[in-house]
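Peer 1: The residues making up each chain are set out below.
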Amino acid sequence: MPSVVELVQSLVNGVGIGLVYGLIAIGFCVIYNASGIVNFAQGVFVMLGGMFAYSFLVTLKWPLALAAAASIIVVAGIGVLVQIFIIRPMWERKAPMFAIILATLAVQLLIEQIVILTMGDQPRTYPEFTLGGPLKLGPIAIGYQLFWVLGCGALMVVLLQLFFNKTRVGRALRACSQNREAAALLGIPVGGMLMLSFALSAGLGAAAGILITPTQYTAYSVGAPFGVNGFISAIIGGFGSAPAALAGGILLGVVQSAAIVVFGAGYKNVIALTVLLIVLLFFPKGLFGGLAKKH
Amino acid sequence: MTSTSGTTPHLIEVDGLSASYGRVAALKPVDLRVEEGEFVTILGPNGAGKTTLLRAISRLIACNGQVKFKGQDISKLNTHQLAKLGIIMVQEGRGLFGEMSVYENLLLGAYGVGNQRDEVERRFTQVFTLFPRLRERSSQAASSMSGGEQQMLAVGRALMAGPKLLMLDEPSLGLAPKVAAGILDTLGELNRNGLGILLVEQKAPLALKLARRVYVLSSGSVRAELPAQEIKSHHDLAKFYFH
Numbered sequence: 001m002p003s004v005v006e007l008v009q010s011l012v013n014g015v016g017i018g019l020v021y022g023l024i025a026i027g028f029c030v031i032y033n034a035s036g037i038v039n040f041a042q043g044v045f046v047m048l049g050g051m052f053a054y055s056f057l058v059t060l061k062w063p064l065a066l067a068a069a070a071s072i073i074v075v076a077g078i079g080v081l082v083q084i085f086i087i088r089p090m091w092e093r094k095a096p097m098f099a100i101i102l103a104t105l106a107v108q109l110l111i112e113q114i115v116i117l118t119m120g121d122q123p124r125t126y127p128e129f130t131l132g133g134p135l136k137l138g139p140i141a142i143g144y145q146l147f148w149v150l151g152c153g154a155l156m157v158v159l160l161q162l163f164f165n166k167t168r169v170g171r172a173l174r175a176c177s178q179n180r181e182a183a184a185l186l187g188i189p190v191g192g193m194l195m196l197s198f199a200l201s202a203g204l205g206a207a208a209g210i211l212i213t214p215t216q217y218t219a220y221s222v223g224a225p226f227g228v229n230g231f232i233s234a235i236i237g238g239f240g241s242a243p244a245a246l247a248g249g250i251l252l253g254v255v256q257s258a259a260i261v262v263f264g265a266g267y268k269n270v271i272a273l274t275v276l277l278i279v280l281l282f283f284p285k286g287l288f289g290g291l292a293k294k295h
Numbered sequence: 296m297t298s299t300s301g302t303t304p305h306l307i308e309v310d311g312l313s314a315s316y317g318r319v320a321a322l323k324p325v326d327l328r329v330e331e332g333e334f335v336t337i338l339g340p341n342g343a344g345k346t347t348l349l350r351a352i353s354r355l356i357a358c359n360g361q362v363k364f365k366g367q368d369i370s371k372l373n374t375h376q377l378a379k380l381g382i383i384m385v386q387e388g389r390g391l392f393g394e395m396s397v398y399e400n401l402l403l404g405a406y407g408v409g410n411q412r413d414e415v416e417r418r419f420t421q422v423f424t425l426f427p428r429l430r431e432r433s434s435q436a437a438s439s440m441s442g443g444e445q446q447m448l449a450v451g452r453a454l455m456a457g458p459k460l461l462m463l464d465e466p467s468l469g470l471a472p473k474v475a476a477g478i479l480d481t482l483g484e485l486n487r488n489g490l491g492i493l494l495v496e497q498k499a500p501l502a503l504k505l506a507r508r509v510y511v512l513s514s515g516s517v518r519a520e521l522p523a524q525e526i527k528s529h530h531d532l533a534k535f536y537f538h
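Going down the list, the sequences are from chains P and W. 1 is the number of the first residue of the first sequence in the working numbering; add one for each residue after it. 296 is the number of the first residue of the second sequence in the working numbering; add one for each residue after it.
A portion of the hints provided could be inaccurate.
[Stated by the list, open to error] DSS-like cross-link-like pairs, simulated, lysine-lysine; straight-line CA separation at most 27 Å:
| hint | chain 1 | residue 1 | chain 2 | residue 2 |
| --- | --- | --- | --- | --- |
| 1 | P | Lys285 | P | Lys268 |
| 2 | W | Lys473 | P | Lys94 |
| 3 | P | Lys166 | W | Lys379 |
| 4 | W | Lys498 | W | Lys473 |
| 5 | W | Lys473 | W | Lys365 |
| 6 | W | Lys504 | W | Lys473 |
| 7 | W | Lys379 | P | Lys94 |
| 8 | W | Lys365 | W | Lys323 |
| 9 | P | Lys94 | W | Lys365 |
| 10 | W | Lys363 | W | Lys379 |
[Claimed, not checked] Simulated coverage check for chain W against chain P, where a stretch passes if three residues somewhere in it have a Cβ under 8 Å from a Cβ of chain P:
| hint | region |
| --- | --- |
| 11 | 307 to 316 |
| 12 | 378 to 385 |
| 13 | 496 to 503 |
Everything labelled a hint here was simulated from the structure, so no lab data went into it. For glycine and all other residues, C-beta sits at the position ideal for the given N, C-alpha and C.
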């Protein structure tokens, strides 16, 4: 039986990874709300964020802020390219939604293979943003990177809320999520909004990858598990607002972390899926009720 | 092509517009025109193709044929580009953003205005003057309003877009007769101020009071085009419906 200290420690760790899941979940929601597409390539943006940050930071020795900003911009650009060359042609030819979703899965596999060919299959990591630590609170150790994840995660959610609620383009994206035809009839370029949603979503995924890589590692294969956990978080949160997705991610992260302590690491995904099933059983629209009212 | 006067292009001119759902031809080649400042109504029974015609003009569905706006061929433009030209459609069912407030819905109507605050404010003033109820309800979610208020919002939002041609699909649908009459009276006022209107309406007596010309649509084809004054009763209409 784990001690209280172990459980509290797992809670702290769970919040950290949960915030990352939450950022990935927000990425899922942004694209889904703008288009009805579940982008299964979302996890690969997380992996690319870490990979590019590694290249800029370690290989090119750029300063952290520049490396992080450049990674986010490059990955957002890749998101746009995916939208232009894969999603848009299918969308314009009125391909069935399941075919578009399958295409996003193919994009994930394709990008993974490109990364293997260009960067190899070895895992990579780089130092935490603030060296030293961890911070000791009695027997509980909190790595400084967790504060970076917390701070950046909170900042991004606040900025996203401001963007969606206070800006003309953000409101237009929300309008597209509710009624694309009506949005187009008012002069809102729905296709452009879909492209923007891919850029935003890829950028968010990249940010998550940059933040989490120092505490774990990045490699061609990390995209799929991050994607699955982000997807589960989005469903738990209800595929609605950014705070709901973030809450879904934190819940999943904490439960997974506690499960590792109580049952062992092998049960992490079993517990994650069990939590998902329980949530859907009692809250079929997700914890915050966003599911099913769209699309 | 110019109007009968020979000098001014038609506000909108539809030439051989056709559309189909799968193998079913919902709209056989249809010709239609609306002049500047004209109020035109499309009447017809259920399934006549009235909604399809408006959706085809707005490019919400794929279609064949030519559409000109003030003499300019707009057949290749897509929906949001048409809106920027001033061709605005109020959908059947209103198409409101239900989770957003009245204010946000109206603001989205002025999306094409960009960040010109003065122009946006001017349009807000115009809409609130026309529909004072919307000012009172500006912070309320659109979905929480009554049917009549929602229709006011749908029309108000369309006006925020600065229409040159306003197309409306069954604006009286689901409304109490008095409320529907109020909405149509407002459309009449807008038309008297020079706005071109193309109205699809089942409630023929209401629409005929306002319209200058009427197209009668049946089975996807125009059965008649005539001045509204010539249609005296539903009995006359039925003659065209079942032609």
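Peer 1: Decide, hint by hint, whether the structure agrees.
Peer 2: Hints versus structure:
Of the supplied pair hints, the one linking P:Lys285 and P:Lys268 holds, its CA atoms being roughly 24 Å apart against a limit of 27 Å. As the CA atoms of W:Lys473 and P:Lys94 are separated by approximately 42 Å, the hinted pair breaks the 27 Å bound. With a C-alpha separation of about 23 Å, the suggested pair P:Lys166 and W:Lys379 falls inside the 27 Å cut-off, and the hint holds. In summary, the hint linking W:Lys498 to W:Lys473 is supported, as the alpha carbons are separated by about 13 Å, within the 27 Å threshold.
Distance hint between W:Lys473 and W:Lys365 is unfulfilled; the C-alpha atoms sit about 35 Å from each other, more than 27 Å. Using a Cα cut-off of 27 Å, the hinted pair W:Lys504 and W:Lys473 holds, with the two alpha carbons roughly 15 Å apart. Between W:Lys379 and P:Lys94, the direct Cα distance comes to roughly 24 Å. Compliance with the 27 Å bound is thereby established for this hinted pair. Between W:Lys365 and W:Lys323, the direct Cα distance comes to roughly 24 Å. Compliance with the 27 Å bound is thereby established for this hinted pair.
With a C-alpha separation of about 31 Å, the suggested pairing of P:Lys94 with W:Lys365 is violated against the 27 Å cut-off. Pair hint W:Lys363 plus W:Lys379 holds up; C-alpha atoms about 15 Å apart against a cutoff of 27 Å. Chain P is given as covering the region 307 to 316 of chain W, and this is violated because 0 residues of the stretch bring a CB closer than 8 Å to a CB of that chain, at least three being needed. Given as covered by chain P, the region 378 to 385 of chain W passes the check, having 4 residues with a CB less than 8 Å from a CB of that chain where 3 are the minimum.
For the region 496 to 503 of chain W, the stated coverage by chain P is not satisfied: 0 residues place a CB nearer than 8 Å to a CB of that chain, which falls below the threshold of 3.
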